[in-house]
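Taken in sequence, the protein lines are chains A and B.
All letters in the first sequence, in the order written, are residues -5 to 533 by the numbering used here.
All letters in the second sequence, in the order written, are residues -6 to 153 by the numbering used here.
Read the hints as simulated data drawn from the structure, not as lab findings.
Keep in mind that this is a model prediction, so the values were computed, not measured.
Careful, some of the hints might be misleading.
With a straight-line Cα cutoff of 25 Å, these simulated SDA-like cross-link-like pairs (lysine to any residue) come out [stated by the list, open to error]:
1. K176(A) - H5(B)
2. K65(B) - I147(B)
3. K55(B) - K124(A)
4. K59(B) - D468(A)
5. K176(A) - K65(B)
6. K176(A) - M101(B)
7. K59(B) - A298(A)
8. K124(A) - S14(B)
9. K59(B) - E507(A)
10. K176(A) - P87(B)
11. K65(B) - H138(A)
12. K302(A) - V42(B)
13. K302(A) - T120(B)
14. K59(B) - Y81(A)
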Amino acid sequence: MISGAEIMVRCLQEENVSVLFGYPGAVICPFFDYLYKTDIKAVLVRQEQNAAHSASGYARAKSTVGVCVATSGPGALNMITGIATAYMDSIPLVCITGQVRSDVLGRDVFQEADITGACESFVKHSYLVKNTADLPRVFKEAFHIASTGRPGPVLIDVPVDVQTAEIEEFVYPERVNIIGYKPSVSGHPMQIKRAAEMIRSSKRPVICAGGGVLSSGAKPRFREFIEKTGIPVVSTMMGIGIMPSDDPQYVGMLGSHGRKAANVTVHNADLVILCGARVGDRAVASPDQVVEHANVIHIDIDPAEIGKNMKTSIPIVGDMKNVLPKLLAEVEYHTPQEWKEQVAQWKAEYEPKPQFFDGYVEPKTFIAALSGMVRSKAIMCADVGQNQIWCANNCRLRDGRFFTSGGMGTMGYSVPAAVGAKLARPTRDVIAVCGDGSFQMSLNELATIATENLNVKIIVMRNTVLGMVHELQDVLYESRYAITELSTVPDFVMLAKSYGIDSAIASSNEEAERIAKDMLRSDKPFVLVCNVHPNTSSR
Amino acid sequence: MKYTLSVLVENHAGVLSKVSSLFARRAFNIDSLAVGITEDPNISRMTIVADGDEYVIEQLEKQLNKVIPVIKVRTYREGEYISRELSLIKVNCPAKQRLDIMKISELMGASIVDVSVNTMTLQFADTLERFETLCDLLKPYGIREIVRTGTVAIEKESRK
């Protein structure tokens, strides 16, 4: 005989899960109790939302499915923001929650919450498991759904009695058969032919690369495609890292917070090729203006994204890593020299200018310097707020990655994401950059970092205001700073030290760079606090 | 413009909530939704009448396709399908008006399923337009209550 809890753990083993992030509670105890007897590492986070964020960082760094586990009621509810964050950024997660006994479901017993109902609109799929015998199929399907097609979070809610009940034997299904779920991955040959023709006849093409290129694992194919065609590349925030930031062909991030050169390029193009990008409002504020003068080829694994935000001339539904080589085989094309030069000129012309304040760190310059100091495969985790924009536009990635909460804009993402990334890639430099606002949303994870002795470096841009909204108030609300001043900011250095984590504060770029150099030499976690002037803008 | 969508789904608990929550979160407006098991007991069919332009309906179709237990989505075009709605209409009916209402009922092809001293209840299964006509005819007598199933539709095999 085998219990539901044991089956759940055996399923995770079948899926080669070696690390998961969680927080215990009464109705998930049977699962954790069995997990305790295995090699799977359970990382105790300090709040359930961070379990989902850490699983997200882990999933992105390792190109696998991240797993997070919480108990029923408040545990599951706390995890919601993390699940929704992963959903918006198409990160594959399997989120497991304990649930109250199935015979009292719906009676509002202690710590009961309808978590499958509450998560309906931001999971790719969810299960409330009522029979122990269903567990193997449900787990198999959940991992399959989370990781194929457009990736996303899948929730499995397991009542405690389903975990304790026993069945005869454990058989893990070999394959999945869900009649309504067969993602198209190959790209329609006719549409690919038409797209190739459209590229050949274009004079001013631009590629807009999104997170889909990275999650598809199509980076080498993308590289080949742009090298052979010479088409200039802009990226969305999720697409940062698709190519080195200093590559002459890369114009930068587009959008309301992006590089002006990237926006100007898109608005002057006669062909926009969207690759795994959903054209969110922050990336293209007025898609109608773009389509007035440009044709649009949209390649995406999710047919629902094509034509949702921008009118499309040619839709191609498929996985980027399959579609790009096919398209390349059809298209013999070299971008006109004139257009390349024009784009390069815009790029030089609209280079952002740093603004220095005496006695403060200039964050854009520092981010650029820091990203030059780390090793080439470093993982930069940016939080949300001005710090995110400073990082997105100034981080000089080489072969590294850039993790942030792009779609949902969830403050507090960077530190737990860095925890997950470091556990996935222990030999890489992992840096979390946050503001003093966002850091205070997840600084409880310093305990996780200390416990696991993770070599994560945290940069806190301390400007004593909630900078992004503060800046918005300057523009739209006549500088009335309604609840954006962080009147009390703790002494982060003392705070870090209280967790046994070394820390220092810098008030100039020279000082920050000197501390950063030492910090990177050590294999211990570190919190570098940078005093930033409250009037430093995100641009 | 009104569109009729026919959606095949797996017949599991929770599928209806997955579909209906989609309408709420994508801000789609639906006029009616009817669900029932098909010839295959593992599969249910939802018939959805929704209001919107072509963009909305295309999005609706694509978003429905993303729901894992949704097997197939079909939007019917004008003339391609037969649709019916079942309604029960309780109308004021003192004895002296019985004959009038019986005549209307006969004329429209409704059947009388309940009669009391002061009311009469009609059962009517027809198209939306015919239902509206019947209501117009009954209104002067005072309609007390209407219960409707929502539209169900099936593809025409004749004159395809």
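Worksheet item: Is the hinted pair K302(A) and T120(B) satisfied, with a Cα-Cα distance of at most 25 Å?
Response: Violated: K302(A) and T120(B) sit about 33 Å apart, past 25 Å.
Discussion item. What's the verdict on K65(B) and H138(A), does the C-alpha distance respect the 25 Å limit or exceed it?
Written reply: holds, 20 Å
Item to complete: Sort out whether H5(B) lies within 25 Å of K176(A), counting only the CA atoms.
Response: holds, 19 Å
Worksheet item: Quick one, are K302(A) and V42(B) close enough, alpha carbons at most 25 Å?
Response: With Cα atoms ~21 Å apart, K302(A) and V42(B) stay inside 25 Å; holds.
Discussion item. Can you confirm whether the C-alpha distance between K55(B) and K124(A) stays at or below 25 Å?
Written reply: Violated. K55(B) to K124(A) sits at ~30 Å, over the 25 Å cutoff.
Worksheet item: Taken at face value, is the distance from the CA of P87(B) to the CA of K176(A) at most 25 Å?
Response: At roughly 60 Å apart (the allowed maximum being 25 Å), P87(B) and K176(A) break the hint.
Worksheet item: Does K65(B) pair with I147(B) here, judged by a C-alpha cut-off of 25 Å?
Response: Within the cut-off at roughly 14 Å; holds.
Fill in: Proposed proximity, K65(B) with K176(A) (alpha carbon, max 25 Å)
holds, 11 Å
Worksheet item: CA of K59(B) to CA of A298(A), is that 25 Å or under?
Response: holds, 8 Å
Discussion item. Check whether the Cα positions of K124(A) and S14(B) lie no farther apart than 25 Å.
Written reply: holds, 22 Å
Discussion item. Next pair to validate is K176(A) with M101(B); report whether the Cα-Cα distance is within 25 Å.
Written reply: violated, 47 Å
Worksheet item: Would the pair K59(B) and D468(A) pass a check requiring their Cα atoms to be no farther apart than 25 Å?
Response: violated, 42 Å
Violated hints for the displayed structure, listed by number in ascending order: 3, 4, 6, 9, 10 and 13.
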